[in-house]
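2 protein chains.
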Amino acid sequence: MTSKIRLGIVGYGNLGKGAVEAIKQSPDMELVAVFTRRDPESLVLDIPGVKAVHISDASDYQAEIDVMLLCGGSATDLPEQTPHFASMFNTVDSFDTHAKIPEFYQAVNEVATKHNKTAIISVGWDPGLFSINRVMAEAILPSGETYTFWGKGLSQGHSDAVRRVEGVKNGVQYTIPAEQAIEKVRSGANPELTTSEKHRRVCYIVAEDGADKAAIENEIKTMPNYFADYDTEVNFISAEELARDHSKAPHGGFVIRGGNTGENNNQIYEFSLKLDSNPEFTASVLVAYARAAYRLSNENQFGAKTVYDVAPSYISPRSAEELRRDYL
Amino acid sequence: MTSKIRLGIVGYGNLGKGAVEAIKQSPDMELVAVFTRRDPESLVLDIPGVKAVHISDASDYQAEIDVMLLCGGSATDLPEQTPHFASMFNTVDSFDTHAKIPEFYQAVNEVATKHNKTAIISVGWDPGLFSINRVMAEAILPSGETYTFWGKGLSQGHSDAVRRVEGVKNGVQYTIPAEQAIEKVRSGANPELTTSEKHRRVCYIVAEDGADKAAIENEIKTMPNYFADYDTEVNFISAEELARDHSKAPHGGFVIRGGNTGENNNQIYEFSLKLDSNPEFTASVLVAYARAAYRLSNENQFGAKTVYDVAPSYISPRSAEELRRDYL
Chain R
1 MTSKIRLGIV GYGNLGKGAV EAIKQSPDME LVAVFTRRDP ESLVLDIPGV
51 KAVHISDASD YQAEIDVMLL CGGSATDLPE QTPHFASMFN TVDSFDTHAK
101 IPEFYQAVNE VATKHNKTAI ISVGWDPGLF SINRVMAEAI LPSGETYTFW
151 GKGLSQGHSD AVRRVEGVKN GVQYTIPAEQ AIEKVRSGAN PELTTSEKHR
201 RVCYIVAEDG ADKAAIENEI KTMPNYFADY DTEVNFISAE ELARDHSKAP
251 HGGFVIRGGN TGENNNQIYE FSLKLDSNPE FTASVLVAYA RAAYRLSNEN
301 QFGAKTVYDV APSYISPRSA EELRRDYL
Chain C
1001 MTSKIRLGIV GYGNLGKGAV EAIKQSPDME LVAVFTRRDP ESLVLDIPGV
1051 KAVHISDASD YQAEIDVMLL CGGSATDLPE QTPHFASMFN TVDSFDTHAK
1101 IPEFYQAVNE VATKHNKTAI ISVGWDPGLF SINRVMAEAI LPSGETYTFW
1151 GKGLSQGHSD AVRRVEGVKN GVQYTIPAEQ AIEKVRSGAN PELTTSEKHR
1201 RVCYIVAEDG ADKAAIENEI KTMPNYFADY DTEVNFISAE ELARDHSKAP
1251 HGGFVIRGGN TGENNNQIYE FSLKLDSNPE FTASVLVAYA RAAYRLSNEN
1301 QFGAKTVYDV APSYISPRSA EELRRDYL
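Those sequence lines, one after another, are chains R and C.
The end of the first sequence is residue 328 by my numbering, with every number in the run present.
The end of the second sequence is residue 1328 by my numbering, with every number in the run present.
Careful, some of the hints might be misleading.
[What the hints assert, rightly or not] Straight-line C-alpha distance at most 35 Å; calculated DSBU-like pairs for lysine-lysine:
1. C:K1100 - R:K152
2. R:K248 - C:K1017
3. R:K17 - C:K1184
4. R:K184 - C:K1100
5. C:K1152 - R:K213
6. R:K100 - C:K1100
7. C:K1184 - R:K184
8. C:K1152 - R:K152
9. C:K1024 - R:K24
10. C:K1248 - R:K184
11. C:K1100 - R:K4
12. R:K100 - R:K114
13. C:K1213 - R:K184
Hint data in this document are derived by calculation from the structure and do not stem from the laboratory.
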């Protein structure tokens, strides 16, 4: 019997919890410990044998963990945590601040290379699977246009924005791809589309008692950057309805390339996701790429890597023979 | 200036012609020669500097060609040609007889390894891009079901079959995915579906003068293996209509995985292609993977490879820095 890949999780928010679920579905992996900044005693882990450990004790686990899944946020956690942990462990993270990826890569690459570790950064679906499809579609169809649509999905930033409006007690915002725009892209017309032409925004708002709903609706719809440029819909609902119908974190989207070959033949390449749970899916991608980090590290391929550097076979638990025979 | 990747093409049918078109769209590549079993003088190549050469003289071009695109058929050409050419060149082919891939891989791997060549086999969209998506979707979502639908596409084998029916002068057959089945899969229901439940078949037939159309329709619809198990539609049209409306080779299809994570959250992963020209698209994939064959060979990664062994960055003309900055 081959031994299992031993994983640790840093951070026990939605992503970390999703990682626990994903590891349960992976017979070739085992979870050793969850590392937290909170009191480890406060973590409720219902998996036998898995320890909750304070994050400051992680260095004691270098011999017991093959790959560390970094499940913190991109704003403040990962810029610090990935370089820190990549000096001790192979890592996988979901750093998704697109504009800062080059400097993040540099910082992680330096540490990981120096300490002979493999650190796969910016894993998930965007960045991640969507990134792979943008690159592959363009490599295969050099003449054409690539479009990314997001949604239907709960947007954390926009939900925060509507909740700051006066008179709003609670609320959520969904980003929804504009069906007309998608159909135009799928037709091969390669239209010019702004982000606001590609998406509409739908809000579900619980107003405070006696609040001026018309004023709330107006303030949301005219909010610069967030809503003013978009086709925005505002719905008022009760606190009960919000809890009942809007407590999940669905997301998804589309990458579509309209390419042309030969005498103007349209070739439409499309990748899409429709996710009931964004954090659980992102965590599932992290766990699959942990397999790749483990294997790359065994091949002495150290340093920072992205999904672009990882061949598909590295994320699959199946053997090369099996893949050729049953999946090709 | 970096020098271009120098390509040769073996076989000048629809796939070889598609490869010429794809190379024209790739500024980092140049076509050196097309090799043919026919009289090279008979080839009409409208590209300056590109030679038409008899296939038996290919060995003279080992110093001039970095990667050879093998554009023959899977039934008889490639089982002979790939092992032959992989002793002299890095190669890419589109071998698509699924059941024979393991033995084909063995034969090619032996030759390519011995001669320090890189041979990427079974490249295209199925096998090829669809294969990648079947493996990645399952690796990410271990719990679930994967479905492959083909079409709308012209099926060569089924078109040949209808043309053999008595009274049929000419005809074509399209395989069309059953919309209801796709919708069921997209809903996350993970239904059990046979190939015949996933597809329907539509024929456009030109009957001979005075032929018994009812008999033709009946013979097609009851033909074992090909049509009997399917929802089959037979349309009679004129020779002019056939020439006008059915002379292209469209194809495409869908790979969909309905996965589950955590407490029964549905996660739908979908990849699809809608192609005006099947051979031009397949050739475009071959040309992109020729880039990978060239790079792998430069890294001394010799032997037979499949799309599972190729990281996305290897097929892109862009640098790793560019990909991280602009595409991740």
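Hints and how they fare:
A C-alpha spacing of about 42 Å is found between C:K1100 and R:K152, which places the hinted pair above 35 Å, so the restraint is violated. A hinted pair counts as satisfied when its Cα atoms are at most 35 Å apart, and R:K248 with C:K1017 does not qualify at roughly 51 Å. With a C-alpha separation of about 29 Å, the suggested pairing of R:K17 with C:K1184 holds against the 35 Å cut-off. For the suggested pair R:K184 and C:K1100, the alpha carbons sit about 40 Å apart, so the restraint of at most 35 Å is broken.
Only pairs whose Cα atoms come within 35 Å are accepted, and C:K1152 paired with R:K213 is rejected, the gap being roughly 49 Å. Taken as a hint, the R:K100 and C:K1100 pair is broken in the structure, with Cα atoms around 47 Å apart against an allowance of 35 Å. Distance restraint check for C:K1184 and R:K184: the Cα-Cα separation of roughly 25 Å lies within the 35 Å cut-off, and the hinted pair is therefore satisfied. The suggested pairing of C:K1152 with R:K152 holds, with an alpha-carbon distance near 27 Å, which does not exceed 35 Å.
The straight-line distance between the Cα atoms of C:K1024 and R:K24 is roughly 49 Å, outside the 35 Å bound, and the hint therefore fails. Distance hint between C:K1248 and R:K184 is fulfilled; the C-alpha atoms sit about 22 Å from each other, no more than 35 Å. Only pairs whose Cα atoms come within 35 Å are accepted, and C:K1100 paired with R:K4 is accepted, the gap being roughly 32 Å. Taking the CA atoms of R:K100 and R:K114, the gap is near 22 Å; set against the 35 Å cutoff, the hint holds.
In summary, the hint linking C:K1213 to R:K184 is not supported, as the alpha carbons are separated by about 40 Å, beyond the 35 Å threshold.
Checked against the numbered hints above, the structure breaks hints 1, 2, 4, 5, 6, 9 and 13 and satisfies the rest.
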